[in-house]
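K.L.:
Produce the entire structure from the sequences given, and follow the hints as far as they go.
Which chain is which? The protein sequence lines are A and B, in order.
Taking my numbering as reference, the numbering of the first sequence is continuous, increasing by one, and the terminal residue is 235.
Taking my numbering as reference, the numbering of the second sequence is continuous, increasing by one, and the terminal residue is 250.
Read the hints as simulated data drawn from the structure, not as lab findings.
Computed from a predicted model, the values in this text were never measured in an experiment.
We put the CB at the ideal spot given by N, CA and C, even for glycine.
Treat each hint with caution, since some may be false.
[Said to hold, decoys possible] In silico DSS-like links for lysine-lysine, alpha-carbon gap of 30 Å or less: (1) B:15 to A:204; (2) B:78 to B:132; (3) A:204 to B:93; (4) B:114 to A:9; (5) A:204 to B:14.
[Said to hold, decoys possible] Non-contacting residues of chain A with respect to chain B, defined by C-beta distances greater than 12 Å in every case (computed): (6) 53; (7) 106; (8) 144; (9) 222.
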Amino acid sequence: MFVNRERVKTYIRQTLEECVSIGVNSIFLVAIVSIFAGAVASIQIYHTLTSPLLGDFLVGYGVREMTILETAPTVMAIVFAARVGSSIAGQLGSMRISEQIDALEILGINTTSYLVLPKILASILTYPFLVIISAFLAIYSGLISSQFAVSVAPADYIYGLRHAFDPYSVYFAIYKSIVYAFLISSISAYRGFYISGGAVAIGKASTRAVTDSCIAILLADYILTQLLLHPSFKI
Amino acid sequence: MIEFQHISKAFDGKKVLDGVSGKFEQGKVNLIIGESGTGKSVLIKCIVGLIRPDQGSIAFDGRDFLNGSKDRTVGVRKEIGMLFQGGALFDSKNVEENVLFPLDMLTDMPQDAKLDRVNFCLQRVGLSNANKKMPNELSGGMQKRVGVARAIVNNSKYLFCDEPTSGLDAKTGLLIDELIQELTYEYDIATIVVTHDMDSIVSIGDYILFLHQGRKTWEGASADIFHVDVEALKDFLFASKLMRMAKPQA
Numbered sequence: 001m002f003v004n005r006e007r008v009k010t011y012i013r014q015t016l017e018e019c020v021s022i023g024v025n026s027i028f029l030v031a032i033v034s035i036f037a038g039a040v041a042s043i044q045i046y047h048t049l050t051s052p053l054l055g056d057f058l059v060g061y062g063v064r065e066m067t068i069l070e071t072a073p074t075v076m077a078i079v080f081a082a083r084v085g086s087s088i089a090g091q092l093g094s095m096r097i098s099e100q101i102d103a104l105e106i107l108g109i110n111t112t113s114y115l116v117l118p119k120i121l122a123s124i125l126t127y128p129f130l131v132i133i134s135a136f137l138a139i140y141s142g143l144i145s146s147q148f149a150v151s152v153a154p155a156d157y158i159y160g161l162r163h164a165f166d167p168y169s170v171y172f173a174i175y176k177s178i179v180y181a182f183l184i185s186s187i188s189a190y191r192g193f194y195i196s197g198g199a200v201a202i203g204k205a206s207t208r209a210v211t212d213s214c215i216a217i218l219l220a221d222y223i224l225t226q227l228l229l230h231p232s233f234k235i
Numbered sequence: 001m002i003e004f005q006h007i008s009k010a011f012d013g014k015k016v017l018d019g020v021s022g023k024f025e026q027g028k029v030n031l032i033i034g035e036s037g038t039g040k041s042v043l044i045k046c047i048v049g050l051i052r053p054d055q056g057s058i059a060f061d062g063r064d065f066l067n068g069s070k071d072r073t074v075g076v077r078k079e080i081g082m083l084f085q086g087g088a089l090f091d092s093k094n095v096e097e098n099v100l101f102p103l104d105m106l107t108d109m110p111q112d113a114k115l116d117r118v119n120f121c122l123q124r125v126g127l128s129n130a131n132k133k134m135p136n137e138l139s140g141g142m143q144k145r146v147g148v149a150r151a152i153v154n155n156s157k158y159l160f161c162d163e164p165t166s167g168l169d170a171k172t173g174l175l176i177d178e179l180i181q182e183l184t185y186e187y188d189i190a191t192i193v194v195t196h197d198m199d200s201i202v203s204i205g206d207y208i209l210f211l212h213q214g215r216k217t218w219e220g221a222s223a224d225i226f227h228v229d230v231e232a233l234k235d236f237l238f239a240s241k242l243m244r245m246a247k248p249q250a
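P.N.:
Printed below as a string of structure tokens:
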């Protein structure tokens, strides 16, 4: 991927185009999922955890912890894999079947670096921003939902958000998002780039891309949580 | 001139090409013919470097293509144009961007000069007013013509065509054949066409290489092909009812 490269300008243009296709075009789906995830989480936490002894602030606290640690980076990664992973595998697979990749290779172009590298870079560049947007929307929708659905006072919710806040959890989410973005884009690109056959193969490659990405995300989630939350690994 | 010696290739232990040798000269339309599954497309893909042969050698104007340095291989590839069976146009780009692409990637020409060259090539293949059309808006014949324009835009010295007339009606196929022949003579290109289209064999083949079961069984000029006493070639040539009816009686 890193030998016989094209001009830097070409990669910048390709990466920017992929940032729009992969990142900007995913905002709507990520926003919808995040808004509902945050709203539902606040109601469930209210019914599960709050009591006259514990207080309503737990709703804000619970939504914050759940969102930053898992929902925004990991659950959104599954959504991202479904949307972007299948798209990458389908696009590259279709290019392979219709000989478009061969047409690039005939021109002496390093197809892996020209086609795959910008997708990986764009994923790594944009997914952390999607995670930040997701976390913000989920927490904000939790605030609105808890106020109108279960009558938690905004002040209590915001107190919960601030309660025992460790900024490291935000870094933790960002680190995870970078790893997930790399896994999703590289696995999906591999599945699409190396297919052979016809239209059925493209469908199978897309399915394998999503399935493998999801498994990789869950495995990476477990390993990263063990590593990054361990006191000796805290950066 | 392209010379290849003893090209062999096997997939999963099954030999597809078995020691095929040949020579394709500049300014000639060279045909590789044979039944489906005889290794025609594999041979052309070996020559252009899309598939690495198990053994053999390939040289473009004396430049070793298989064992040369990476720079030399890339240099040779930049002189190759290829028309694919399905056109292989980039479906996210319009006609103009498709033809412009090799110039964008391989040259430092100013944008105006590149666009002039693109327009000239599109005009040359008879598609002057299709610049902004997307590939899915074009007919099969038009897609092939855009493919030809893209293949020659970079002043290619070697033009490879993989079944250029497949999927086209006889009239459109003939137009594509004539276009390929005209460009070959006009720009002194070494053109290699993989085909099993009898019209192409009769009308444009300056040199013909017949493959049968992965081996070169006959080579020669199109004028001689109907007078050869090679059983496999006769079976191939007179497989269709129409050709049997037109066959000269002994």
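K.L.:
All the hints need checking, so say for each whether the structure fits it.
P.N.:
Results for each hint:
Restraint check for residue 15 of chain B and residue 204 of chain A: satisfied, since their Cα atoms lie roughly 29 Å apart, inside the 30 Å limit. Taking the CA atoms of residue 78 of chain B and residue 132 of chain B, the gap is near 26 Å; set against the 30 Å cutoff, the hint holds. About 26 Å separates the Cα atoms of residue 204 of chain A and residue 93 of chain B, which keeps this hinted pair within 30 Å; it holds. Simply put, residue 114 of chain B and residue 9 of chain A have alpha-carbon atoms about 18 Å apart, close enough for the 30 Å limit, and the pair holds.
For the suggested pair residue 204 of chain A and residue 14 of chain B, the alpha carbons sit about 26 Å apart, so the restraint of at most 30 Å is met. Non-interface status of residue 53 of chain A relative to chain B is upheld: no Cβ of that chain comes within 12 Å, the nearest being about 60 Å off. With a cut of 12 Å on Cβ distances, residue 106 of chain A falls inside the contact zone with chain B, its closest approach being about 5 Å. With a closest Cβ-Cβ approach of about 40 Å to chain B, residue 144 of chain A is found to remain outside the 12 Å limit, as its non-interface label requires.
For residue 222 of chain A, the requirement that its beta carbon stay farther than 12 Å from each beta carbon of chain B is met, with the minimum near 38 Å.
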